[in-house]
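Student: These protein sequence lines map, in sequence, to chains A and B.
Under this note's numbering, residues -4 to 358 are what the first sequence spells out, in order.
Under this note's numbering, residues 3 to 285 are what the second sequence spells out, in order.
It is possible that some hints are incorrect.
Said to hold, decoys possible - With a Cα cut of at most 30 Å, we get these calculated DSS-like pairs of lysine-lysine:
no.	chain 1	residue 1	chain 2	residue 2
1	A	Lys172	A	Lys203
2	A	Lys15	A	Lys203
3	A	Lys172	B	Lys171
4	B	Lys175	A	Lys15
5	A	Lys2	B	Lys67
6	A	Lys60	A	Lys99
7	A	Lys2	A	Lys172
8	A	Lys110	B	Lys67
Stated by the list, open to error - Here chain B is said to cover these stretches of chain A; the calculated rule only asks that three of the stretch's residues, wherever they fall, bring their Cβ under 8 Å from a Cβ of chain B:
no.	segment
9	23 to 34
10	186 to 195
Think of the hints as simulated: they come from the structure by calculation, not from any bench.
Note that the coordinates shown come from a computational prediction; the quantities given were computed from them, not determined experimentally.
Built from N, CA and C at the ideal position, the CB exists for glycine as well.
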Amino acid sequence: MAHVLLKDLNKKFDGTHAVKNVNLEIRDREFVVLVGPSGCGKTTTLRMVAGLEEITSGEISIDGKVVNDLAPMDRDIAMVFQNYALYPHMSVYDNMAFGLRMRKFDKPEIERRVKQAAEVLGIQPLLERRPRQLSGGQRQRVALGRAIVRNPRVFLFDEPLSNLDAALRVQMRVELKRLHDRLETTAIYVTHDQVEAMTLGDRVVVMKDGVVQQVGDPLELYNRPANKFVAGFIGSPAMNFATVTMGDGNGRITAKNAGLEIEIPGAQAERLRAHLGRQLMLGIRPEDLHVARAGDPTGLTFNSRVEVIEKLGSEILLDVRVGEDSMVAAVDPATQAKVQEQLRLAVNPERLHFFDARTEAAI
Amino acid sequence: MIEGARWKKWLWFYLPMALFILGLLFPFYWMLVTTLKPDGELYRPWNHPLYSPFWTSAPTLDHIKNLLQDTLFNTWMLNTMLIAFAATLISLFCGVIAGYALARLQFRWAGLLGTAIFVTYLVPQTLLFIPLAEIIRDYNIGDTPWALILTYPTFLIPFCTWLMMGYFKTIPKELEECARIDGATRWQAMLLIILPIALPGILSAGIFAFTLSWNEFIYALVFLSSPEQKTVPVGVTSELIRGDVFYWGSLMAGALIGSIPVAIVYSFFVEHYVAGMTGSVKG
Chain A
-4 MAHVLLKDLN
6 KKFDGTHAVK
16 NVNLEIRDRE
26 FVVLVGPSGC
36 GKTTTLRMVA
46 GLEEITSGEI
56 SIDGKVVNDL
66 APMDRDIAMV
76 FQNYALYPHM
86 SVYDNMAFGL
96 RMRKFDKPEI
106 ERRVKQAAEV
116 LGIQPLLERR
126 PRQLSGGQRQ
136 RVALGRAIVR
146 NPRVFLFDEP
156 LSNLDAALRV
166 QMRVELKRLH
176 DRLETTAIYV
186 THDQVEAMTL
196 GDRVVVMKDG
206 VVQQVGDPLE
216 LYNRPANKFV
226 AGFIGSPAMN
236 FATVTMGDGN
246 GRITAKNAGL
256 EIEIPGAQAE
266 RLRAHLGRQL
276 MLGIRPEDLH
286 VARAGDPTGL
296 TFNSRVEVIE
306 KLGSEILLDV
316 RVGEDSMVAA
326 VDPATQAKVQ
336 EQLRLAVNPE
346 RLHFFDARTE
356 AAI
Chain B
3 MIEGARWKKW
13 LWFYLPMALF
23 ILGLLFPFYW
33 MLVTTLKPDG
43 ELYRPWNHPL
53 YSPFWTSAPT
63 LDHIKNLLQD
73 TLFNTWMLNT
83 MLIAFAATLI
93 SLFCGVIAGY
103 ALARLQFRWA
113 GLLGTAIFVT
123 YLVPQTLLFI
133 PLAEIIRDYN
143 IGDTPWALIL
153 TYPTFLIPFC
163 TWLMMGYFKT
173 IPKELEECAR
183 IDGATRWQAM
193 LLIILPIALP
203 GILSAGIFAF
213 TLSWNEFIYA
223 LVFLSSPEQK
233 TVPVGVTSEL
243 IRGDVFYWGS
253 LMAGALIGSI
263 PVAIVYSFFV
273 EHYVAGMTGS
283 VKG
């Protein structure tokens, strides 16, 4: 149970500014995911919380107490590493007991806790084995077990699932979620996988180049991305972008380029009126496009040419060309489309995103 | 096809390997055969009708008896063992700690220091013994085992440090970080986690250091003078070559018996030693 506060956190390595002015409040029992492309500073941030990396400037506090100068062992945290970091010369039992022994717990208590954690994770039969005799998923569980026996105030996870194969990753993701619901401990989780971030996080922190881009719950990030980077990073397949010029056609605001002309409906139009005549970045998620039907207003449809068809079963992904832009549309699996065919697509008017062409901030 | 493959394997694998093994083992055979030959056979000229350099028709243990009874060979063996053991322990201790620091602690000149240590290893002993002799005289430890126990580390420590540094670098640093989060101090993490994992590396560094000190010649020759202080390499060569007379039989017996402890050490740790050289940590 703990409340973690990062205040104006900075980290500089020789010549590179890896983490820039990060401010973040992690509430008690919250599961917060730091997500971003590699080199965005998410792991460095996590390592600073763990005490494995010195803080260049700023402050980290846990439960109101500044921990900047505390050794990792005194912060009462547990960390699960990407490569599990199991001690290869110790049995599973000893791996899990190591932290308790270091903290001078008595023997019966150690045994009770290790047995209990092993039961929660379903690894009782493995306690006598060595790490190299375990499969990837089992090692992952042992690494988790080693973290939970200590009953720490904060769990730190550094890409714990990225060494597992796809099927196991999905399974462990669910287990992690269940485990967190059961333990109710504050957790900070680092990943580059946006699906992991969206499914696990109570709140998700998107980072890029050492800067926090947006903090919010998963749906907030998906529905109201703060900038073009977040919009493109969250969601799969990624959002389509097209440069458009805002125009005034018959009293209605339009977004227009070589391939499309969309009439912006009521509420959004008011917001965009200030940008008349300027170039903006239009963002449309693939799932907000569909093949035009008879009832769709012409102002919300445009022509496209199909280039690639990806049949995924639950949906079809159409890679299409719209004027000079490439777009992806996720359409109904019953759609009959042929390569090189002209197809009229319609857009969901409520779900258009606009970004400033220069600052890339959402409008 | 299969016939051809077998023939090729013989030509390109077994035959070269046999030659290689022959070349490696021949010196030992030569030592053995010379040890067992009676003097009469040993000093036969090459054009004698019974000249037989590669075997003996009348094996004898006289040379070995000579070596053990008429020289201080047993004392030399004990001296060598004590000195090699002590020098190895000192060097391993320093090498492990220095190697760990160079591999793990991020201090300013770590890289440069590592290279500098390696460079000291390259200074030839034939040069270094001159200033060292002066130091040994100043500290009054000439002609005592300490003269070697304290000088051998001058080349063993750089060697062990370099080897251990390489080995520590193969151990993922997350193991140590995890231990420190688990509640271990830096020292505890090193002693309880890193050193047990580095055991193969430590063993191979130890074997190497032991062999190097066992075979060392120049320092032993220069720093020790009385027969009862000498080590095997120096004792055998200085006491069994008198003027221009070579007591080949006893010399070879000394060389043969002198190489036995090293052979034992090697065969004992060979598995660890190989693991140490390949530097594999299976997590």
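Student: Now look at each hint and say whether the structure bears it out.
Tutor: Okay, the hints, checked on the actual structure:
no. : hint                   : in the structure
1   : A:Lys172 with A:Lys203 : 25 Å, holds
2   : A:Lys15 with A:Lys203  : 10 Å, holds
3   : A:Lys172 with B:Lys171 : 35 Å, violated
4   : B:Lys175 with A:Lys15  : 25 Å, holds
5   : A:Lys2 with B:Lys67    : 82 Å, violated
6   : A:Lys60 with A:Lys99   : 24 Å, holds
7   : A:Lys2 with A:Lys172   : 27 Å, holds
8   : A:Lys110 with B:Lys67  : 66 Å, violated
9   : 23 to 34               : violated (count 0)
10  : 186 to 195             : violated (count 0)
Of the numbered hints listed earlier, those contradicted by the structure are 3, 5, 8, 9, 10.
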